[in-house]
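Novice: Chain by chain, the residues run as shown.
Number of protein chains: 2
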Amino acid sequence: MSKPAIITVHEPQSHRDFLARCRQFPPLFACTIATTATAQIPGVSAAGASTELIPYTAAADVEAIVHGRALCLGKIPENPVGPPSPVIITMAALRRLKAPFMVIDAGNRVTPKVPMLVAGRTPGRVLTESEPVPDAAGLFIEGVIIGTQLGRCGHTLVLGESVPGGTTTAMAVMEALGMAALGRISGSMPGNNQSLKQELVSRVMREKGVEKGGCLATPLDAVRLFGDPMQAVQAGVAMAASRYTTVILGGGTQMIAVAALIGALLQADRPEVFFSRPEQLKLLPEALGANPGNLGIATTAWVSEDENADLRALMAQLPAPVPLYAAGLDFSASRHQNLVLYEEGYVKEGVGAGAMALAAMLYDDIDNRVMLAEIEKVYEEIYLS
Amino acid sequence: MSKPAIITVHEPQSHRDFLARCRQFPPLFACTIATTATAQIPGVSAAGASTELIPYTAAADVEAIVHGRALCLGKIPENPVGPPSPVIITMAALRRLKAPFMVIDAGNRVTPKVPMLVAGRTPGRVLTESEPVPDAAGLFIEGVIIGTQLGRCGHTLVLGESVPGGTTTAMAVMEALGMAALGRISGSMPGNNQSLKQELVSRVMREKGVEKGGCLATPLDAVRLFGDPMQAVQAGVAMAASRYTTVILGGGTQMIAVAALIGALLQADRPEVFFSRPEQLKLLPEALGANPGNLGIATTAWVSEDENADLRALMAQLPAPVPLYAAGLDFSASRHQNLVLYEEGYVKEGVGAGAMALAAMLYDDIDNRVMLAEIEKVYEEIYLS
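Listed in order, the protein sequences are those of chains G and V. The first sequence begins at 312 in our numbering and counts up by one. The second sequence begins at 312 in our numbering and counts up by one.
FYI, nobody ran anything at the bench for these hints, they're computed from the structure. Because the structure is a prediction, the values reported are computed rather than measured. A portion of the hints provided could be inaccurate.
Any copy, or any two copies together, can satisfy a pair, since identical chains are not distinguished.
Said to hold, decoys possible - Taking lysine-lysine and the DSSO-like style, the derived pairs with C-alpha atoms no more than 27 Å apart in a straight line are: (1) Lys519 / Lys314; (2) Lys688 / Lys593; (3) Lys523 / Lys409; (4) Lys593 / Lys386; (5) Lys523 / Lys593; (6) Lys688 / Lys314; (7) Lys593 / Lys314; (8) Lys386 / Lys523; (9) Lys688 / Lys424; (10) Lys688 / Lys523; (11) Lys519 / Lys409; (12) Lys314 / Lys409; (13) Lys386 / Lys519; (14) Lys593 / Lys424; (15) Lys386 / Lys409.
Bound conformation, chain G alone (with noise of 0.2 Å):
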């Protein structure tokens, strides 16, 4: 039995009318890219080949989007066991769609050759530091600007990220936002050493004195201390573009902690406290002025259906509703052994992939079988040529 193309998840009945409001106006593709050195943690990314690949994985992503091939490292990287990078997925979706694209540079250890609308270049430092993101606000007063202007443009926005080690610093921001998070997230890799995660998220809270929704009255130091730099970014820009378009945030658990960071921030009682210059308080209003009901989350179905996380206890938690779309992809019937693999648990998510597949499944109105054949042009193309 196949798949459905699109899987609602989670729909609040204040989002009833979503895929359908986004349909109406054409997708621009907006993809942020950061490093966090989280990722450098043994058991923690399985982005690249090995640990020393890590940092490369998101320039060569966006390289592989703009040039066809990774110019950072002669190749996109896999996973070690094989499975290519989701790269293509969102290869195959953007060519299909013939849709625009932007890269969003967070700050990256990797500064990838392609030209970037920069927010910000300080790589994030590792949780277990005193300050993971020292300038979280400023990298969301930038994404507030970037995210007004892509929103004025009256596509629907869809936000994807390249981030290894980007679901050990979501489920740290959801702890901190005062979600249970622990056990629930996903990751690249089958079983998703949820044990290590867990407890290095646990461990990092108890020596930084901050308990499970510590941070929910000055949401932004949940970013500051336990996140990375793409979840400060990727928030601003989809609250300011919210006032102008319909937004997707493509990914699974990376995007509901983002989505739990602008809930926090549209309840705080006094979210300005967290500025402290006259220019960031001036532009406060374009975030805090969001359309919450413009916000959606859209993942892949290897990462909603993930039987080692619970994607629907974490929608249900988050402090405004959100709803939650996956697309129906389905490997198993694929010419490539390494496709089959993200059957296996393995990749599941990364680089806007199940947002930009489901958006090719929406507005072009094709199934998982067409996707499928399209993705396999460009592994192809990409991997074996």
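Chain G is fixed; fit chain V onto it per the hints.
Specialist: Okay, now just chain V, sitting in the frame of chain G:
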């Protein structure tokens, strides 16, 4: 007698419906900023209140658009005599049109505190050095990547610039591409120091052993040897975007130089000789597939009717037919003496002011009177409060 809102300065048969086609799609404004050390030669630029402030001009302009004030200076530069930066015209038009905008960084000495699409980070050297823009080819290709994505947004793309000293590099590039530009360019001072600029350009060409038209076969050499970083980026953006949508080059003399570069590239026998890296050669067809019918130039009437310049003579010499329109801005009735100075030949153009004013007039069907009132409002807000 009042000027018409929109003046058709030069309109080849091939572009009779150009403005009507532009009007079908809402505007997206992208402003490319760059430094050329040529501006530091005494007498070349009147941007900024003094030679020391010139490198801040471009940064201050785009900070004004985003933040309402120049963060890098505390004050937006004005011409030494008092007339304000043309960015107030651009801001008035952007507000009226609620148009999205992007800043493209082509290489600046002062980095503005706004998120930018980075095409390059190396400021242009002075015209008299051996290679003012060593990587003109690389900048051009970055522009091509940006242009493809902006073009795919499906808006009419309005391309502005802020490059103090840029009319001198424009004159030099046009001469190197075989146009008789000496004495015909416009500039930001009454009278425009034509003889100083002419002498400079003639001397530098002589010193580098390049005759008039000496770069026609390898057009990017004109930028490499005599130009500024904006020109290379802008040509790439415009060419790639024109495959997808109508493109308005916003500026006078400087954009005629960009149009000359585009025309020469499209007619060059072996445009590929300029590009050494495989990824550059792979992207080149996106530029060479440019649709010249989608390209036009727009400026202000202060430039198009400048008695010390001859824009019509320049337009007539372009290798490929391009139209030139002017916004009939007239500040003679302004209640602010510093705005009335525009009528005496100060400032005239910059930051896409002419093209954006024309866009406001075109899309909103307003005249100079309405536009002036909006510009005065921005002027009071920015300079007098």
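Novice: Okay, which hints does this one fail, numbers in order?
Specialist: 1, 3, 5, 7, 8, 10, 11, 13
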